[in-house]
Amino acid sequence: NAGVTQTPKFRVLKTGQSMTLLCAQDMNHEYMYWYRQDPGMGLRLIHYSVGEGTTAKGEVPDGYNVSRLKKQNFLLGLESAAPSQTSVYFCASSARGEAFFGQGTRLTVV
Amino acid sequence: KQEVTQIPAALSVPEGENLVLNCSFTDSAIYNLQWFRQDPGKGLTSLLLIQSSQREQTSGRLNASLDKSSGRSTLYIAASQPGDSATYLCAVISSNTGKLIFGQGTTLQVKP
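Going line by line, the protein sequences match chains G and R.
Per the numbering used here, the very first residue in the first sequence carries number 1; after that it's consecutive.
Per the numbering used here, the very first residue in the second sequence carries number 1; after that it's consecutive.
One or more hints might be untrue.
Capping the alpha-carbon separation at 30 Å, the derived lysine-lysine pairs in BS3-like fashion look like this [said to hold, decoys possible]:
1. R:Lys99 x R:Lys68
2. R:Lys111 x G:Lys71
3. R:Lys68 x R:Lys111
4. G:Lys9 x R:Lys68
5. G:Lys57 x G:Lys70
6. G:Lys57 x R:Lys99
7. G:Lys57 x R:Lys111
8. G:Lys9 x G:Lys70
9. R:Lys1 x G:Lys71
10. R:Lys42 x G:Lys14
11. R:Lys1 x G:Lys14
Label-pair distances were calculated between CB atoms; the ranges are [as the list claims (entries may be wrong)]:
12. G:Gly53 x R:Gln54: 26 to 36 Å
13. R:Ala10 x G:Thr7: 29 to 39 Å
14. R:Ala29 x G:Thr7: 15 to 25 Å
Simulated from the structure, these hints should not be mistaken for lab results.
Only a predicted model underlies this, so the values are computations on that prediction, with no experimental measurement involved.
Heads up, the beta-carbon is just placed ideally off N, CA and C, and yes, glycines get one too.
Start from the sequences and build out the full structure, keeping to the hints where you can.
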C-alpha cells in the first residue's frame, strides 16, 4: 500500500537546467496537488488537478508546468531552474475527503 | 478567494497544559477541514479530518471542532507533552474549485 510516492527525494540542479518531479498515487484519487514549502513558511499551492487531463494554477505557478495524462500521475516540470526555486516540494492527492501527502522532494538550484 | 488563517503563529507552554489552536477560513464552501502535524525537516502527518457536515472529531488527546457557518475550527490538545512540539497546520478543500488551501501554521513548543 504505497499511497503517494514522490520521485526523486533529493536533487541538485544548476541554474537553467530542466527537470521533472513525479507524483504517483495508487488510491484512484481525482484530485492531485503540488506545493512548495520554504523555510519558516507554510505550504503554497503551485498547481493542482481535479481529474485526468485537467490542470489549474495555484498561488505560485510561475516557472512551473504540470501535466496529468494519467489519473495516477501528476508531473511537475521546471523548464529553466532558478535559485529561487530551491525549496521542498510536496505532492498530495484526495478524493474530496482526506488528503494524503508524499514524503517530499528537496530541490536545490545552484 | 479562500484564505486560511491560523492564530497564534507560535505558542510556548509548560508540559501538562491544555491548549487551543485556532484556524479560520473565509469561504464556507468546503468539503472538509483537516489538521496536520509537521516536525522540523519532515513531511506532513494527518491528525484529524472533519467533514463539512460534522461538528467535531476526536483522537486520543486531540479534539478538533468545526463551525462552518462562522468559518472557524479549533484544535484542542489535552495534557500537552514535550513530544507534541511541532508545527500544526490546518487545510480546507474548496467545494467550488477543488483547491486544498493551507494556513501558515502554529509552531508549538511544550517545555518539560
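Okay, the hints, checked on the actual structure:
no. : hint                          : in the structure
1   : R:Lys99 x R:Lys68             : holds (17 Å)
2   : R:Lys111 x G:Lys71            : violated (45 Å)
3   : R:Lys68 x R:Lys111            : violated (33 Å)
4   : G:Lys9 x R:Lys68              : violated (37 Å)
5   : G:Lys57 x G:Lys70             : holds (18 Å)
6   : G:Lys57 x R:Lys99             : holds (10 Å)
7   : G:Lys57 x R:Lys111            : violated (41 Å)
8   : G:Lys9 x G:Lys70              : holds (21 Å)
9   : R:Lys1 x G:Lys71              : holds (27 Å)
10  : R:Lys42 x G:Lys14             : holds (25 Å)
11  : R:Lys1 x G:Lys14              : violated (36 Å)
12  : G:Gly53 x R:Gln54: 26 to 36 Å : holds (32 Å)
13  : R:Ala10 x G:Thr7: 29 to 39 Å  : holds (34 Å)
14  : R:Ala29 x G:Thr7: 15 to 25 Å  : violated (34 Å)
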